[in-house]
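Participant: Listed below, chain by chain, are the residues.
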Amino acid sequence: MAAAVSLGQFEQLVLTAVLSLRDNAYGVTIHERVSELAAPKKVSLGAVYVTLDRLEDKKLIASSLSAPTAERGGRAKRCYRLEAAGERALEESRQAARRISAAVMRAWGRRKWKHAHQH
Amino acid sequence: MGPAQMEARPPALVETVVGLLIPPACREHVLGDLNERYTTLPVYLLEAATVIPHVVASRVRRSFDGALVLIEYIGLSTIAQSAYRTRALSHLTPRPEIPLAVVLAVLVLCDAYIPTDPAPGRRGTATHFDALFASSLVRAIRHVLIAIACGWMAEWAVRVWAPAARIPTSGMLELSGATLLMVGTVRTAWWTMFVPGSHVMRLRLPLAPTGTSAEDENSGERYSIPKWNLGEVVWILLVLPLVKIGWSREGSSVASSLAGAFILAAVCIVAFSACRSLLKARRTQDPRIFSELYRATIEGRLRALSEWPLRALLVVAAYWCDVSFRGLHGIADPALIGALTAAAFHFMGVRMKKNFQQEIDTLDQNA
Chain A
1 MAAAVSLGQF
11 EQLVLTAVLS
21 LRDNAYGVTI
31 HERVSELAAP
41 KKVSLGAVYV
51 TLDRLEDKKL
61 IASSLSAPTA
71 ERGGRAKRCY
81 RLEAAGERAL
91 EESRQAARRI
101 SAAVMRAWGR
111 RKWKHAHQH
Chain B
1 MGPAQMEARP
11 PALVETVVGL
21 LIPPACREHV
31 LGDLNERYTT
41 LPVYLLEAAT
51 VIPHVVASRV
61 RRSFDGALVL
71 IEYIGLSTIA
81 QSAYRTRALS
91 HLTPRPEIPL
101 AVVLAVLVLC
111 DAYIPTDPAP
121 GRRGTATHFD
131 ALFASSLVRA
141 IRHVLIAIAC
151 GWMAEWAVRV
161 WAPAARIPTS
171 GMLELSGATL
181 LMVGTVRTAW
191 WTMFVPGSHV
201 MRLRLPLAPT
211 GTSAEDENSG
221 ERYSIPKWNL
231 GEVVWILLVL
241 PLVKIGWSRE
251 GSSVASSLAG
261 AFILAAVCIV
271 AFSACRSLLK
281 ARRTQDPRIF
291 SELYRATIEG
301 RLRALSEWPL
311 RALLVVAAYW
321 CDVSFRGLHG
331 IADPALIGAL
341 TAAAFHFMGV
351 RMKKNFQQEI
361 DTLDQNA
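Going line by line, the protein sequences match chains A and B. The first sequence begins at 1 in the numbering used here and counts up by one. The second sequence begins at 1 in the numbering used here and counts up by one.
Source of the hints: derived by calculation from the structure; they are not laboratory data. Misleading hints may appear alongside valid ones.
DSS-like, lysine-lysine: derived pairs with alpha carbons at most 27 Å apart [as the list claims (entries may be wrong)]: (1) K58/A - K41/A; (2) K42/A - K58/A; (3) K354/B - K41/A; (4) K59/A - K354/B; (5) K353/B - K59/A; (6) K58/A - K353/B.
Predicted model only: the values in this text are computed from it and were never measured.
Given only the sequences and the hints, what does the whole structure look like? Please build it.
Facilitator: Structure representation (C-alpha cells):
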C-alpha cells in the first residue's frame with residue numbers, strides 16, 4: 001500500500017467536510033462545513049478553493065461539474081468526492097490526532113497528579 | 001431569508017465583469033457559488049474581491065510552467081543584450097529588466113486564463129495538426145501582444161518617474177518586435193509539442209503526424225493525420241537561429257541576413273499551410289475517432305523519443321560548423337553550447353515522455 005500523503009490542518013478540515021457532505025460537497029457547502037469545523041476562526045471561500053485545487057492535484061479528491069441549477073443563475077456546481085488516497089490520508093491524520101490527544105492527556109494527567117501530591 | 005431575498009441575483013453586468021476576471025477553468029462553478037451566496041451587491045462585490053485573487057493564484061500555481069518561463073527569459077535577455085550591443089546602450093544594461101519582468105509576469109498570468117475544458121464539438125482530423133498549430137499561434141500572439149502592451153506601460157511609468165533611465169523608443173520597438181517573434185514562436189512550438197493536456201485537448205485535435213487513419217461510423221468519412229510535423233521544422237528554423245544570432249557578435253552579417261530570410265519564408269509557408277488547413281478542417285461527433293487518432297499520435301511521439309539524442313547531435317554539429325566557419329570561438333564555446341543543447345534535449349525528452357504517458361493513462365481511464 002502506498003504511503004499516505006501528510007496533510008496540513010486546513011487540508012484535514014476540507015477533506016473532512018468533503019467526506020461528511022458526501023454527494024452534496026461543492027464550494028458553498030464545503031465552505032459552510034469548514035467554517036463550522038474551524039469555528040471560531042473565520043474561513044474565506046477563496047482559501048477553500050485554493051485548498052480544494054491543491055487536494056485535487058495531490059489526487060486526494062476528484063471533481064466533476066453537475067448540471068446547472070436555476071438557484072445558481074443557471075451555473076453548474078463543481079462537486080467533489082474523496083478518492084481512496086484521500087481516505088487513507090484522512091485515516092492517517094485521524095490516527096495521528098488520536099496519538100497526540102493520548103500523549104497530551106497522559107502529560108496533563110501526570111502533571112495534575114504531581115500537582116495534587118505537592119499540595 | 002424571505003422569498004424575495006432567495007430570488008436575489010447580482011446584476012448581469014456586474015456578474016459579467018466578475019466572470020471576466022475569474023479564470024475560465026473555474027469560472028462556471030465560482031460564479032455559481034457567488035451567485036448562490038448573493039444577498040446584497042456590496043457583499044457580493046466584497047466576496048468576489050476576496051475570492052478572485054485566491055482562484056487566480058491557484059490557477060497560476062497550476063498552470064505555471066517553469067521550463068517555458070525560463071526559456072522565454074533566456075530568449076528575451078538574449079534579445080535585449082543583442083540590441084544593446086548593436087546600439088551601444090550598454091550603460092543601460094540593467095534597465096530592460098523592468099519591461100522584461102512585466103512581460104514575463106503577464107505571460108504567466110495569461111497562462112492562468114487559458115480554458116481547460118474541452119471545446120464543444122470535435123474538429124475533423126483531416127489536416128488537424130496544422131489547424132492545431134494555427135490555433136496555438138493565434139493564442140500565443142494574443143498573449144504576447146498583451147504582455148508587450150503591459151511592458152510599454154511599465155516603460156512609460158519609468159519614463160515619468162526617471163526620465164534619465166528611459167529606453168529609446170526605437171529600442172523598445174525593436175525589443176517588442178523581437179519579443180513577439182521569439183516568445184510567439186516558443187509558445188506555439190511549446191504548446192504544440194509538449195503540452196498535450198490543456199491546449200490540445202481543448203481543440204480535440206491530434207498532436208503530431210503518424211499517418212494513422214480512422215473511419216467515422218456514422219458518416220463513413222475517413223479521417224487521417226498528415227505525415228510531416230511542421231512544428232518541429234519551425235522550432236529548428238526559427239528558435240535556434242534566433243538564439244544563435246543573439247549570441248553571436250555579428251548580428252547583421254550576411255549569414256544572419258540569410259537566416260532571417262529563411263525564417264521569414266518558413267513562417268510564410270507554415271502560416272499559409274495552417275490557414276488552408278483550418279479552412280479544410282471538418283467536424284466529427286464521433287469521439288472514437290479523436291481518441292483513436294490521438295492515442296496513435298502520442299504513441300508515435302513516444303517511439304520517436306529515441307531519435308532525440310541524434311537530433312541533439314546534429315544541432316550541435318551544425319552549430320560547431322557555423323561557429324568555426326565564422327571564427328567566433330571566443331564568443332560562444334561550442335562545448336558549452338553542445339552540453340546545454342544535449343541537456344535541453346534530454347530534459348525535453350523526459351518531459352514529453354511523462355506528459356504523453358499521462359495522456360495515454362487518461363485516455364485509458366476515459367475508455
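Participant: Next, verify each hint and record whether it holds.
Facilitator: A quick look at each hint next to the structure:
{"no.": "1", "hint": "K58/A - K41/A", "result": "holds (26 Å)"}
{"no.": "2", "hint": "K42/A - K58/A", "result": "holds (25 Å)"}
{"no.": "3", "hint": "K354/B - K41/A", "result": "violated (41 Å)"}
{"no.": "4", "hint": "K59/A - K354/B", "result": "holds (17 Å)"}
{"no.": "5", "hint": "K353/B - K59/A", "result": "holds (21 Å)"}
{"no.": "6", "hint": "K58/A - K353/B", "result": "holds (20 Å)"}
In this structure, the one hint that does not hold is number 3.
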